[in-house]
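Chemist: Each chain, letter by letter, is given below.
Number of protein chains: 4
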Amino acid sequence: MDQEPILDVAHLGHLELLTPKPEESLRFFVDVMGMTESGRQGDSVYLRAWDDYERYSLQLTASTTSGLGHAAFRARSPQALQRRVKAIEATGLGLGWHEGELGHGPAYRFHDPDGHVVEIYYETEWYQAPEALRPSLKNQAQRFPARGINVRRLDHFNCLAVDVKANREFFESALGFRLTEQIVLDSGEEAGMWLTATNKSYDFAYTKEAHGIKGRFHHITYALDSREEILRAADIFLEAGIPIETGPHKHAVQQTFFLYVFEPGGHRVEVANAGARLVLAPDWKPIRWTEEERKKGQAWGLKTIPTFHSHGTPPLPGHHGPDDDVQLDLSTNGIAS
Amino acid sequence: MDQEPILDVAHLGHLELLTPKPEESLRFFVDVMGMTESGRQGDSVYLRAWDDYERYSLQLTASTTSGLGHAAFRARSPQALQRRVKAIEATGLGLGWHEGELGHGPAYRFHDPDGHVVEIYYETEWYQAPEALRPSLKNQAQRFPARGINVRRLDHFNCLAVDVKANREFFESALGFRLTEQIVLDSGEEAGMWLTATNKSYDFAYTKEAHGIKGRFHHITYALDSREEILRAADIFLEAGIPIETGPHKHAVQQTFFLYVFEPGGHRVEVANAGARLVLAPDWKPIRWTEEERKKGQAWGLKTIPTFHSHGTPPLPGHHGPDDDVQLDLSTNGIAS
Amino acid sequence: MDQEPILDVAHLGHLELLTPKPEESLRFFVDVMGMTESGRQGDSVYLRAWDDYERYSLQLTASTTSGLGHAAFRARSPQALQRRVKAIEATGLGLGWHEGELGHGPAYRFHDPDGHVVEIYYETEWYQAPEALRPSLKNQAQRFPARGINVRRLDHFNCLAVDVKANREFFESALGFRLTEQIVLDSGEEAGMWLTATNKSYDFAYTKEAHGIKGRFHHITYALDSREEILRAADIFLEAGIPIETGPHKHAVQQTFFLYVFEPGGHRVEVANAGARLVLAPDWKPIRWTEEERKKGQAWGLKTIPTFHSHGTPPLPGHHGPDDDVQLDLSTNGIAS
Amino acid sequence: MDQEPILDVAHLGHLELLTPKPEESLRFFVDVMGMTESGRQGDSVYLRAWDDYERYSLQLTASTTSGLGHAAFRARSPQALQRRVKAIEATGLGLGWHEGELGHGPAYRFHDPDGHVVEIYYETEWYQAPEALRPSLKNQAQRFPARGINVRRLDHFNCLAVDVKANREFFESALGFRLTEQIVLDSGEEAGMWLTATNKSYDFAYTKEAHGIKGRFHHITYALDSREEILRAADIFLEAGIPIETGPHKHAVQQTFFLYVFEPGGHRVEVANAGARLVLAPDWKPIRWTEEERKKGQAWGLKTIPTFHSHGTPPLPGHHGPDDDVQLDLSTNGIAS
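Protein chains in written order, with this note's numbering: chain A, 1481 to 1817; chain B, 1481 to 1817; chain C, 1481 to 1817; chain D, 1481 to 1817.
Each hint should be verified, as a subset may be incorrect.
Same chains, same names: a pair is fine if it fits in one copy or spans any two.
[As the list claims (entries may be wrong)] Below are the DSSO-like pairs computed for lysine-lysine, each with C-alpha atoms no more than 27 Å apart in a straight line:
{"no.": "1", "residue 1": "1765", "residue 2": "1688"}
{"no.": "2", "residue 1": "1765", "residue 2": "1501"}
{"no.": "3", "residue 1": "1775", "residue 2": "1566"}
{"no.": "4", "residue 1": "1501", "residue 2": "1775"}
{"no.": "5", "residue 1": "1783", "residue 2": "1501"}
{"no.": "6", "residue 1": "1776", "residue 2": "1688"}
It should be emphasised that the hints constitute simulated quantities derived from the structure, not laboratory data.
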C-alpha cells in the first residue's frame, strides 16, 4: 500500500425521493415502516427511523414523477469536506454549494457520471426527541415506536447506471469509497458494484441499467435488528396490502437478508438485517462475482425475479406510471382478494 | 391404564380480571399488549388477541379492587359439558348455571377448593373480524395488529392456593386435567402444580399462597410467537413505563421463556413463547421438582425475585393498593426517571 | 354436534423410510439434522430428535429404492387401540397385527385407500438417555445436541394420493382425525387435505398424485423452535452440500414456515417451525382453499416450485434414480462450485 | 472541530489469554464456542471464529495462572503504524518491536498505564480455509461450523484498571480511539470507559479495579448474529456444564445483549449480539452515566451480579485458583446434579 486510504466520508446521511403520491407515500413510511415525521418545508416532508442520529434520513418530495431527488453523504470533518469538494471540482462534475436545507449545513452538490445528484456536507442537526418520543435509555436517539415494522436506521441505497465502472472509479477516486464486492460479466463489463465508507460492507450499490437511460433509482434500504423482524415485516406488509416483490431470502452477494416491496409512489423499498456482517479489514480484497456464479440465484437458491432487473424509478418512458413495468407481477402478488 | 382418560375440557377460554383502574388497564392491554376491544357490557370491556378464535379471551371489569373475576374453560362437546357439570355437582362445589354472558352460551360456575370462581361452557361465538381487521390469510382470525407487542393468544393463568394438593385433585378428578409438572417440598407438601387439558404442557398452574388467604390470583399469560418477540416486548414495556418484575429468562419448570410485568390495575402479566414445547404423550409421567432443585433458580441461573412469592391480586389486607407489597422493587425497576 | 368426536389417536409416532443409500442417509440425519441413533435391527437404523419422548421417530431401512416403509400413530389408551382396530377391520383395509418391532408393543397394520402402509400401537418404550446424553433440565428427553441443525421433534408427514377424498374420509371415520384445511379444485376434486389428532394444526397431509401411481411419499417434516433456526438451517444445508428445493418461506396453507431439502436417499425433507399456531377449537371449521387462491403462491408471494408437484418417492417408473425428475433444478441449486 | 481525528487503528486483531488448564480451555473454545484451531507454536494454540478474516483472533497460552497475555490492534496502513509507534514512544510506555509471531508481521508492544501489554501491527496473514472448511459463499472466510454455539467473530474485550481516566486519555491521544460511553462517579472519578476505532460502538472497555491491583483482565467477547442465538447459547452452555455468571439480558450501557460464562481456565467469556447498533457519527458525543443511573441495574431491571465487580483474571492474591472469588455463586449455578 503505497498510498494511504482517503477516509473523508463518514457515512450515508439521507436520501430525497420524489413521489407522485405524496400522501400515500407518507402514510406508508409512517404507518407501515414505523418512521417519524421530523419536519416539513415546501413540498417536502422529512422522516426518520428511531436510531438515526441526525434529524432525518428521508426527504419525501411531492413531484410529478418518482425517482431520486438527491443522495447525501456526511463528511468526517470540515477539512474532509473541503478536500472532497476540491477533488470533485477537479472532475468537472461539480454543481456548486447548496445552502438552507433543513437539518444540515452547506452541502456541495455534484453529478455522478450517470447524472444522479449527490451532495456532501459536514454540519448537521442532531435529533432532539420531543418529550413524548424520548427514549428510556439515554444512549438511544428516540423511543422505539412499536408501530408497523419499526425500521431502525437508513442502511444503503442502490442506483442504476449505464456505465457502472465509470461510476465506481468516480466514487473511489473523488470520494474515497472502497469497493467490497462487484459483478463482472464475461465480456469484462462491470454489472454491479458495492461501495463503502464505513465498516458496513456497503453504503450504496450501483447496478447495470438495462435500458440505456441515465439517472434512475433502484431501491432504498432501511435496517431492522434481526432476520426474525424481517419475517414479521413480511406479514405486516401483506396485511397492509403493500406489494411484496421478492423475499425474504438471503442474497449471495453481501449475504444481505432481504425483503423488497413497492411503496405507493412506485419506489422499491428494501428492509434488511443490520450489521451482523462487518468489513473490518482496512485492505479488504474485493469479491468478484462472475456471470456464471450469478446465474445460480440467491444464497439459498431463489431465482432472481425479472422485475428486479427491469423496474426502476422514474418508470421507463412510455409507461404511464410506476406500476407499469411490474403490473404483471403485482397482479398476482396478494393472496386473498 | 385401567381407566380411560377424561377428555371433556377442550381448552382455557377466557379470564375475567377486576381492575380498580379500568381506563389505565384498558390502555395497557390495547396500546401496549396490542389487543383488540371486541365488546362492552355493564362494567366490563372485552378484549382479544389476534389469534384467539373466540370473540374474546379477556374480560376486564371495573371494580374497587384487583383480582380474578372468574376463569372459564370450554368443553369439548355438549355431552362433555353435561358430564363435567354432573361431576362438579357431586363435589358440592357447584354454584349453578350462569346465562347471558357476552360471547358464549350457558356456563356452569363452581368454586375450586381455594374459592376461585371457575366456569365451563360449550357454545361460543366465533370472532368475525370487521372489514378493517380482516386478515390477508383466510386461516387467521384477525389481522396482525402491528401495534405494541402484538400478543398472539391467551396461553395460561396462575392462581395462588392455600392447599395446592386439594386443588390438583379437584381439577384432575372433576374436570379431567392432567398433571405435567409439580413442586413437592421436603415436608411432602405440594407447592406448585401445572395442569393441562391440551397438548400445551400446561393450561394453568396453582402455586402456594404464603399468606393463608384464599382466592388470590398470581398472573395471566399471553403467548408470543418467538423468544425474539419477547425480548422486543421488554424494550417496548420499558419505553411505555410498564414496570418489569423479572425476565426475560427461561423457567426451569416447563422451560417457559418468560417476562413478567405489572399492568396498571396491579395484576402480574406474563408474556411467554408459544408452543414450541408440546406434551404429546397421552400417558405423560409428571415431573416432580424437589425443594433443593428449585433453590437453584431459573434455567440459566437467575434467582427467583422475592415479589414473585409475595405479590398476588387482590393485594394483601392492610396494603392500600396493589403496588404496596412490591413498592420497594418497583421503585428501582425503571432506568430513566 | 350430535355425535361426540373420536379421540383415540394420540399423535404421530414414527415413520419408516426406505433408502437406497443407507450410509449417506444416516450421515445426513445424524450430522446435518442433528439426530441421535437410538437402535439398530436388521437393515434398519433407528433415529430420534432431542425432544422426541419415545425411543425413536425415524426408522431408516436399507432398500433398493426410496419411499415410505410405514407410518405409525400412537393410540391414546389400550382401549382406544382396540376400538380403532375394530373400525379399521370393518373397512376391509386391515393387514393384521405386527409384533416384535423395536421400541413399541403390538401394532395393527393396515393400508390406506392409496396403499400406503400405516400402523397403530399403544405400548411404547420411553427414551432413556445414556449418561453422555442426559439433559441438564429433568423435563427434557435428551441433551440438546449442538450439532448441525438440531431438529427438535418429528412434526408431520405428507403422502401423495390418487384419490385424496377417499383417504380423507378413511382417516376421519376409521381413525377419528379432524380436517383443518383442504384444497378443492373448481371441478370439485379434492387436491389436498391436512388432518390432525392433536392441537397441532396438522399431523399429516395428503396431496394429489399427478401421475396416477399409488403409494408414493411426498415429505417428512421435523420441527425446529424458531424461524431464526430455520434460516440458520438453510445456511447449514448450503454448507453441507444438501440440495435446497425451496424456501425458507411461509406457506399460505397452515402458515407453516418451511424449508425443503433432498436427503441423499432421495426423500424430500422439510424443517418447519414448531407449534406457534395451535388449533384449540374442538369444532374447528375446515378452511377450504380454491384453485384460484392457490395460484397466488405462498404467503408472501413465492411461486410454488414445479418439482414440488412432480417429485415423490419412490421416483417415477423409468426414472433411474430419485434425482431424475428434479435434476434440472438441482443442477443450479448450489452457489459455489 | 479544530483538529482532525486520528484514524490509524483499523480494528481489534486478537487477544492472548493465559490458561492454567490449557487442554480444558481448548476444548471449551473448540467444542462449545465452535471455534477452529488454526495454528500451534510453543505453548500456544491459535483459534479463530468463522467470520474472522485474519488467521486467528485468540492465542491460548499454557501458563501457571490466568490473565491477559497481550491485546493486539491492527493499524490501517504501514504509515499509520509508524505514526502510532512514534506517538506511543513519546509517552514512555513503549516496549519495542516484537517479531516472529504467528500470523502477522512486526508488532510494536507497549504498556497501557495499568500495565497490560498491548501491541499494534499492520501486516497480517489472511485466513485460507482448507478444503474441508471452505465456505459455499465466496464472500465468507470459512464454512459455518454448526458445532456448539458457533461464535462469529471477536468483538471486544474488557480490562480492569486502577485509574480508568489515565488509560482513557492514553488510548485517545496515543492511539486515536474515540470515547462513546463512560461511567463517572459522583466523586468525579471515572469508573468505566468504552472506546472505539470502528463503527462498532466499542472495541474495548476498561472498568474500575476495586482491589488496587494492576494489569487484570475482565472478559473477552465473541459476537453471534442474533439475540436468538445467544439464548440458544445459554441452553448449550447449561448442557455442557459451563458455569453461567449472568444473563442473557440487555446492558443499559451500550445496549449490548449479553451472556457471561466462565471458561475452564477462569476467564469470564461473553457472547453478545453483533453489530445492530453502530456509531456512524464521526463526532459522537460520549454518553455519561451517573452513579445513580447505574444503580438501576441493566436495561430491563436485572441487578448487576456481585461477581461482576470482583472477579478478574488472574485471581486475587491469596486465592488459590480462579474459581475462588466466585465459588459461592458457582456452586448454585447449575440446575440438575
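Chemist: Look at each hint and say if it fits the structure.
Modeler: Outcome of the hint check:
no.	hint	verdict
1	1765 - 1688	within (22 Å within a copy, 40 Å between copies)
2	1765 - 1501	neither (43 Å within a copy, 38 Å between copies)
3	1775 - 1566	neither (41 Å within a copy, 51 Å between copies)
4	1501 - 1775	neither (36 Å within a copy, 31 Å between copies)
5	1783 - 1501	neither (31 Å within a copy, 30 Å between copies)
6	1776 - 1688	within (18 Å within a copy, 30 Å between copies)
Comparing the model with each earlier hint shows violations of hints 2, 3, 4 and 5; every other hint is respected.
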